[in-house]
Amino acid sequence: MVEEKKKILLAPLDPVHDVGLKMIRRALDEAGYETNLLPPDLPPEEIVKNMIAYKPDYTLIGRTLGYDVETVLSRLVDLADASGLRPKMKMVVGGMPIKPELAAELGFDAGFGPGTTPEEVVAYIEGRLEAEQHTKVLRQKPKIAEGFSYRFVNEEIGRLCSEIADEALAWASERTSPGIERSQIRREMFSLQRRGDSAGVEKLRREYAALCDSFIKPFYDLGQTVGKTRLLSESELAALNEYAAEAASRLVPRRVRHSKERPLVFTQYGTGCPFMDVAHIKVVEAWGADGVIHFDPSWGARHEGLLEGHITHEEDGSPITPENLALIKHSLMPWTLWQVRAHRGLNTPETVVLAGEMKADLTKVNMVYGSLGAGTDPERLVVDGTEALRLAAEYGLPYDVVTNEELCGVPAYKAFAGMLIVATMGIKLGGRPILKPLFCYSPEVLINGQMSDNYVDFNAAKLMALRSIIDAPVWPGEPVGFMTHTSDRIQASATTMLHACLASSLDAVAVTISSSDEAFSGGPISAASRVDTLRAVTEGMRFFGKAKIQPTEKAEEFARGITEGIQKVLQQVKARGSFVSALYEGLLGNKEDGVYPGRAGRQTVRTRST
Amino acid sequence: MRSLRIGFAGTAKNTGKTTTLSALMDSFLEDGWRLGLTSIGYDGENLDNVTGLPKPRIYVQPGVLVATSTRCVEASSAKLRLVRETDINTSLGPVIIGKVEEPGLVVLAGPSYSKGLESVLLLFEEEGVRVSFIDGAFGRIAPMNVADGLVLCTGAARDRRVSVIAEEARGVERILKLNSWSGSPDAVLPQGSLIGEYPDEGLLPVRLPPRGAVLVEGAVSPAALNLFLSSHRELLDGGTVVFENPVSLIAGGAAAENERLIRQFHSVKFCVLKRLELFGVTVNPFYPERGRVEGTFEARYIDAVKLLDVFRRNLETLVLDVKREGIGALYQQVLAYLRNWEPQACRQLYRKCTS
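Chains as they are written, first to last, in the working numbering: chain A, -8 to 601; chain B, 8 to 362.
Keep in mind the hints are simulated off the structure, nothing from the lab. Note that beta-carbon positions come from the ideal geometry of N, C-alpha and C, so glycine has one too. All the pointers check out, no bait thrown in.
Over the 12 Å line for every Cβ pair with chain B, so calculated as not near, a few chain A residues:
1. LYS134
2. SER140
3. LEU195
4. ALA230
5. HIS249
6. PRO325
7. SER478
8. ALA485
9. GLU509
10. GLN594
11. ARG599
Residues from chain B that face chain A, not an exhaustive set, calculated with beta carbons under 8 Å:
12. ASN96
13. ALA144
14. PHE145
15. PRO150
16. GLY199
17. ILE202
18. ALA226
19. SER228
20. VAL254
21. GLY259
Taking lysine-lysine pairs in the DSSO-like style, the calculated list, with each CA pair at most 30 Å apart, reads:
22. A:LYS81 / B:LYS122
23. A:LYS81 / B:LYS281
24. B:LYS330 / B:LYS313
25. B:LYS122 / A:LYS79
26. B:LYS106 / A:LYS90
27. A:LYS13 / A:LYS539
28. A:LYS90 / B:LYS86
Generate coordinates for the entire structure from the input sequences, incorporating the hints supplied.
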């Protein structure tokens, strides 16, 4: 609401292009301001005459720059000052290629370049926007998992999930593991660190080391590096801080979405080196990503214990350590959502502790995928995963439950049954799970032909099925369309964009996209390829806006099949009477599907009484 | 205590404002003066915002007070200690006053309009600054009306035709030499009366007193001034037309035309309420020329000797090419002005500098 009606004079200095100012005028009119749009291409003297007569609070000038146009603009500013107008009137210039530096040089109070929205100009006039960092202030951190009741629409499936979850939670509550014990020690270490008790921290560190395996233990006992890692040097850290600060100071993010607030767009990082990770994060932040997901090395899931310190890794995956995560957190723009994955290995509860302590926004937990598709013993991961779900609820961290086992060949309905069991366990523990089915050209569809005509119907069917079961957020993963990529970056960008737009059309809360070279890079991915897909998705979102992609009637048929399949699997699991046994026995995915129970952490679970 | 406020006004970009300012500042610093530095635009950057060509940087020594925006502080290599915050905003953040603690390069974006500049200069003076340096931007001159005097910087970047830029500089010189006037005007032409193609009849007084004193407020366009003078010639003959300050006639690139009108209407006396001293004119043979690749520019030069020669033949004021001849003559010119300007405040330092 406008308390005192400000007067805005809009002057297109450009002989032809005044569309931008017309759009801004409309936004200002709608916001309740008094506006006066002058005819295009008036000489500076005539504009100043109008300023004197109209007495505006703001004058907005629109002009595309060419050589010598800046002279005209500076004359206008000069005449306004010499006419005594400037103390009571702010002058703003917008157009190509206006930057804040050029606006300052020309004598304007603010300058808006290409991509500025009318809403941003209104926000500036209303004082909601710092002139020097307008988009930074305007962007707020979005909330991803709010606005859902988590109530089952399909009562039968809800009943089955609830009963299975109750059994699993009761079973897990009587058990513990080295992973849980390390998470408790790590949590206590943070607590002692906050109190400045370094001797206490060191004592706990020794206890922690005793719970690590032979791969991790030498790091704590002997100070030896592990695998292909090394510590970042002081000068590298100083350079990183300098780089991150400078990049942040210059970062003016683009907007990926056009007219919708969702889906939030996530990208993944995990180059191995925290420095490179920060560089990649800065690139995707600048090109409009809403969130980033931390990828750790594959060995991080297989070994008991996490490392400490600022550690860089020669290969893919950046080690999860308190210091590395703090470094990443420090580099993030205030609006960027940050997910630290904890879903699949022997350090699952501790990773949630680290995510919570480091103020991450999201984590990831799925005991079914982790134990069938990622090599962790089902019994161990159900125990650890349950603790992780409890910790996530305690830290207030939403988490996604991803069905990566689809990539191994597990049919969607079977993977979704597992996802719904884990989500129900999380809901019962007070958490906010996000369902994450894959938008992928999976082995299931390759064999059975659900995508022989199009990629729309079966992907849409997944969301339609889940929505018919439960009112919960859905975030297609991960990354969407990845299995349709080729080494052609244009093709990869196009298919990523189309999958993301399908997620938007289906009102998903978020979508994860890859770079255009992620499938075929054969090593580190390039920053430019990240821009490829973000630009492509931006164009796609602009093209579709709120318009829908219309699936064929096959989608409903697929959705019914998935829902029926989920129900049958849940009935089998319920009949088995043990969630853990169901995992071992392949009810949620078996060797024929392409998965088998993992072995990492086998026989490490103990009952709490012992 | 009031400082001497020196503005460096250019007729265009790339005319040598920053080079001249830096050289003169160094001379004052060597002699122990306490200096303040700001800009009405954006200065000290590596590359020109329009042409992309390298630009002169501004190196500052410890003790100098700098008024610049917060984002420019981050971009400066000189270490500044925050002395004062201001409520003046720029597109690069609020303006702060900082004292240089460790020498280095500084990027400047200070207040871009007169009132803001006046506030900053007063803060400088509260902090003991004795000479304030104001870097200009493009051909903008209006904020310089709060200065005591100007160094006019011009050259081939404004126009490659030496006669044209010399004529313009001559016009500025004559306007700056208009006498000051004080008293009660018989009629006042409010702001906006003489802007544009025609005088604003609605703002003009119903009757002008014959041979009286007419005060013109605000900026003046040559076309409107010409029509006003012509249509009221009989009444104005023998009278006085008073402008607020010389920049009212120069702002908007109108110096040469307005000055021609002043000469043409020689039966009218033209004055200003507040004068601005012209310390000197610097000339720069450099100009940027469009490159073969769209959007690129290349450095070019006109004949520097001819440039100096034409200017010296046409202007009464000191003319120099700072890169070829150094800053000494201009420094002496300013010191000579200081000797008479504020003897109480500057006598001691002046003696030190000239001994």
